[in-house]
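Participant: Start from the sequences and build out the full structure, keeping to the hints where you can.
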Amino acid sequence: MKIAVQTDDFDVSSELKALQATRKDIGALVSFVGLVRDLNLGAEVSQLTLEHYPELTEKELANIVTAAQARWDLIDATVIHRVGTLNPTDQIVLVVIASAHRGDAFAACEFVMDYLKTEAPFWKKEVTADGERWVDAKDSDDAAKERWS
Amino acid sequence: MKIAVQTDDFDVSSELKALQATRKDIGALVSFVGLVRDLNLGAEVSQLTLEHYPELTEKELANIVTAAQARWDLIDATVIHRVGTLNPTDQIVLVVIASAHRGDAFAACEFVMDYLKTEAPFWKKEVTADGERWVDAKDSDDAAKERWS
Amino acid sequence: MKITVLYFARLKETLKYSTEEIDLTEFMANEGIKVISVLKLKAFLAKRGDQWGKMLMGKLKVRAAINHELVDDHAEIHNGDEVGFFPPVTGG
Amino acid sequence: MKITVLYFARLKETLKYSTEEIDLTEFMANEGIKVISVLKLKAFLAKRGDQWGKMLMGKLKVRAAINHELVDDHAEIHNGDEVGFFPPVTGG
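Chains as they are written, first to last, in the working numbering: chain A, 1 to 149; chain B, 1001 to 1149; chain C, 2001 to 2092; chain D, 3001 to 3092.
The reader is advised that the hints may include incorrect statements.
As the list claims (entries may be wrong) - Heads up, simulated DSSO-like pairs for lysine-lysine below, C-alpha to C-alpha not over 27 Å straight-line: (1) B:Lys1125 - C:Lys2002; (2) D:Lys3047 - D:Lys3061; (3) B:Lys1059 - C:Lys2012; (4) D:Lys3002 - D:Lys3012; (5) C:Lys2054 - B:Lys1125; (6) C:Lys2034 - B:Lys1059; (7) B:Lys1145 - C:Lys2059; (8) D:Lys3016 - D:Lys3061; (9) A:Lys138 - D:Lys3002; (10) D:Lys3016 - D:Lys3042; (11) B:Lys1017 - A:Lys17; (12) C:Lys2059 - C:Lys2040; (13) B:Lys1017 - C:Lys2059.
Said to hold, decoys possible - Interface residues of chain A toward chain B, partial, derived using beta-carbon atoms under 8 Å: (14) Ala28; (15) Leu29; (16) Pro54; (17) Glu110.
To be verified - Counterexamples of contact, computed for chain D against chain A with all Cβ distances above 10 Å: (18) Lys3002; (19) Glu3013; (20) Tyr3017; (21) Asp3023; (22) Ser3037; (23) Lys3040; (24) Lys3047; (25) Arg3048; (26) Trp3052; (27) Glu3069; (28) Asp3073; (29) Pro3087; (30) Val3089.
Derived from the structure by calculation, the hints contain no laboratory data. Bear in mind that the values here come from a model prediction, so they are computed numbers and not experimental data. Backbone N, C-alpha and C define an ideal beta-carbon position, used for all residues, glycine too.
Facilitator: Given below as structure tokens:
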């Protein structure tokens, strides 16, 4: 399992290759990449700042992946989340799940994202033409998480 | 929409960047990469040959993506499937779905893979210690497709 | 009526044909039919002998395409069509 | 009993605190309590004034962690603990 919280960007291909390096039994790699959109709730977003709770973040991300591993048959996983200042089209988050079969990998990747969205201590602040604003948590994210319980 | 059937390998990061090149409203990129496993049905696989029905393949892949676009709110999609001779750990197939939100991207990517597995005219032949054998279609793939109907 | 028939994967290997031109005029006259379905074409080919019957009318669920469109057994074949026969797909 | 309290995101900005050391000895003696829960600590902080009450006991669903473990309002805080308060998360 690789968990990283970093300001640097990541390269998806490199992360996939790193996951594959030691295993020949991986049949499915499902990846999620979250990007900064130029529009949120009707306002143009020119910049985004991501704050987090350093000691808690990586621990919580690892907890989420461990929960996914207990639930599905997974070979390995990578989670990278960026913090700091980001611009539209920048990559924010990467979740990769490696499994023998695609069903497990798809379910686990979506599970990790749904929990990351509602449990991992990151906060987004947007810069729009009207100034800065903290992004509000979405009920739809809570609903997405509830599907798994 | 990009659909390609090719002998060459593909680079996931390059394909993600190509999808993103013209759009700033993509919030979610869900990717599936299928790999050659070194073991199938209890036998070690040393090599795999992928045959296809050239005129039909790209058309059928495009039909599947079009069906996904009709069903979910998608921004763009890429499907690349390799043919020819492959070895364990080689990449076989890539499906990338770009959407504003992750729910649509996850569902559409899994839908495209489930249909690709059961509708797109590709056939695998494995080389094992016991010789060559055509891979049999799996009932579990039919079941996976049936979930969407 | 002349058509082109293509065989793929296990079918191609077992039947030792990848493509052939078939003139169905005589067969259709003998059968007294003006149109021919995919199923009827399979039956025609199956009469060629053991492997043909086994491959096209056996337990292998052979699928067909006409002019690069997936079709079922009831689809009609017309003069000049390309018909492809293949076993269940195993890509991805 | 001394603890460290951390505030994040909207809380940090509104309360103008990112971290503080708090001695709860007197408060706990006055209240006649030997253990203090997260909820009790929130109530203690809320008494500091308008923004504090609004942020910690208002409609914002403030979450808490003790020593980097997510906890609910009933969790007990012990001497030397680090307590983090933060609004609903919005990462990913």
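Participant: All the hints need checking, so say for each whether the structure fits it.
Facilitator: Quick rundown of the hints versus the structure:
1. Distance restraint check for lysine 1125 of chain B and lysine 2002 of chain C: the Cα-Cα separation of roughly 32 Å exceeds the 27 Å cut-off, and the hinted pair is therefore not satisfied.
2. For the proposed pair lysine 3047 of chain D and lysine 3061 of chain D, the alpha carbon gap of about 18 Å is at most 27 Å, so the pair holds.
3. Restraint check for lysine 1059 of chain B and lysine 2012 of chain C: satisfied, since their Cα atoms lie roughly 22 Å apart, inside the 27 Å limit.
4. Taking the CA atoms of lysine 3002 of chain D and lysine 3012 of chain D, the gap is about 20 Å. The hint holds against a cut of 27 Å.
5. In summary, the hint linking lysine 2054 of chain C to lysine 1125 of chain B is supported, as the alpha carbons are separated by about 20 Å, within the 27 Å threshold.
6. Note on lysine 2034 of chain C and lysine 1059 of chain B: the hinted pairing is violated, with a Cα-Cα distance of about 30 Å set against a maximum of 27 Å.
7. Note on lysine 1145 of chain B and lysine 2059 of chain C: the hinted pairing holds, with a Cα-Cα distance of about 21 Å set against a maximum of 27 Å.
8. With a CA separation close to 19 Å, the supplied pair lysine 3016 of chain D and lysine 3061 of chain D stays within the 27 Å bound.
9. Between lysine 138 of chain A and lysine 3002 of chain D, the direct Cα distance comes to roughly 35 Å. Violation of the 27 Å bound is thereby established for this hinted pair.
10. Among the hinted pairs, lysine 3016 of chain D with lysine 3042 of chain D is consistent with the structure: their alpha-carbon atoms are about 16 Å apart, no more than 27 Å.
11. Annotation: proposed proximity of lysine 1017 of chain B to lysine 17 of chain A holds, straight-line Cα distance about 17 Å (limit 27 Å).
12. For a cut-off of 27 Å, the pair hint linking lysine 2059 of chain C to lysine 2040 of chain C stands: about 17 Å separates their Cα positions.
13. The straight-line distance between the Cα atoms of lysine 1017 of chain B and lysine 2059 of chain C is roughly 45 Å, outside the 27 Å bound, and the hint therefore fails.
14. With its C-beta approaching chain B no nearer than about 6 Å, alanine 28 of chain A sits inside the 8 Å limit, and its interface hint holds.
15. For leucine 29 of chain A, the suggested interface contact is upheld, since its CB lies about 4 Å from the closest CB of chain B, less than 8 Å.
16. The interface hint given for proline 54 of chain A is broken, as the beta carbon of that residue sits about 25 Å from the closest beta carbon of chain B, more than 8 Å.
17. For glutamate 110 of chain A, the suggested interface contact is upheld, since its CB lies about 5 Å from the closest CB of chain B, less than 8 Å.
18. In this structure lysine 3002 of chain D is separated from chain A by more than 10 Å, as the shortest Cβ-Cβ distance comes to about 19 Å.
19. Not every Cβ of chain A is farther than 10 Å from the Cβ of glutamate 3013 of chain D; the closest lies at roughly 8 Å, contradicting the non-interface assignment.
20. Once the 10 Å rule is applied to beta carbons, tyrosine 3017 of chain D is consistent with being away from chain A; the minimum gap is 15 Å.
21. Listed as a non-interface residue, aspartate 3023 of chain D keeps its Cβ farther than 10 Å from every Cβ of chain A; the least gap is roughly 23 Å.
22. Every C-beta of chain A lies more than 10 Å from that of serine 3037 of chain D, the closest at about 19 Å, which supports listing it as non-interface.
23. Non-interface status of lysine 3040 of chain D relative to chain A is upheld: no Cβ of that chain comes within 10 Å, the nearest being about 22 Å off.
24. With a minimum CB-CB distance of about 25 Å to chain A, lysine 3047 of chain D clears the 10 Å threshold, and the non-interface call stands.
25. No beta-carbon of chain A is positioned within 10 Å of the beta-carbon of arginine 3048 of chain D; the least distance is around 21 Å.
26. The claim that tryptophan 3052 of chain D is not at the interface with chain A holds, since no C-beta of that chain comes within 10 Å of its own (minimum 18 Å).
27. Its closest Cβ contact with chain A, about 8 Å, brings glutamate 3069 of chain D to no more than 10 Å, contrary to its assignment away from the interface.
28. The claim that aspartate 3073 of chain D is not at the interface with chain A holds, since no C-beta of that chain comes within 10 Å of its own (minimum 17 Å).
29. Proline 3087 of chain D, annotated as away from the interface, has a beta carbon of chain A within 10 Å; the closest lies near 7 Å.
30. With a minimum CB-CB distance of about 5 Å to chain A, valine 3089 of chain D fails to clear the 10 Å threshold, and the non-interface call is violated.
Hints 1, 6, 9, 13, 16, 19, 27, 29 and 30 from the earlier list are contradicted by this structure; the remaining hints agree with it.
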